[in-house]
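28 is the number that this note's numbering gives to position 28 of the sequence shown; each next residue is one higher, with no gaps.
Source of the hints: derived by calculation from the structure; they are not laboratory data. By construction, the Cβ of each residue, glycine as well, lies at the ideal position given by its N, Cα and C atoms. Hints are not guaranteed to be accurate.
[Said to hold, decoys possible] Quick list of the computed label-pair ranges, beta carbon to beta carbon:
1. His31 to Tyr3: 40 to 46 Å
2. Ala28 to Pro8: 29 to 35 Å
3. Pro8 to His31: 29 to 35 Å
4. Ile7 to Val27: 27 to 33 Å
5. Pro8 to Asp29: 29 to 35 Å
6. Arg32 to Thr5: 38 to 44 Å
7. Glu4 to Asn33: 42 to 48 Å
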Amino acid sequence: MHYETFIPVFLLFTVLGLIMPLVFAGVADKHRNG
Numbered sequence: 001m002h003y004e005t006f007i008p009v010f011l012l013f014t015v016l017g018l019i020m021p022l023v024f025a026g027v028a029d030k031h032r033n034g
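Model the full structure from these sequences, guided by the hints.
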């Protein structure tokens, strides 16, 4: 795999890895408070 394709994919998964827990936490809070 070339770095030109590897780096954007790596950044994408890194960002998803940071955002998804926050999204799931927000959804869980909504259901818990709802």
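Results for each hint:
Look at His31 against Tyr3: about 41 Å separates their beta carbons, and that is inside 40 to 46 Å. Checked against the hint of 29 to 35 Å, the pair Ala28 and Pro8 passes, with Cβ atoms roughly 30 Å apart. The given range of 29 to 35 Å is respected by Pro8 and His31, whose C-beta atoms sit roughly 34 Å from each other. The supplied range of 27 to 33 Å is met by Ile7 and Val27, whose beta-carbon atoms lie about 30 Å from each other.
Take Pro8 and Asp29: their Cβ atoms lie about 32 Å apart, and the range 29 to 35 Å holds. Between Arg32 and Thr5 the Cβ separation comes to about 40 Å, which falls inside the hinted range of 38 to 44 Å. Hint check: Glu4 to Asn33, Cβ distance near 45 Å, so the stated range 42 to 48 Å holds.
Going down the numbered hints, you'll see the structure goes against none, and every one checks out.
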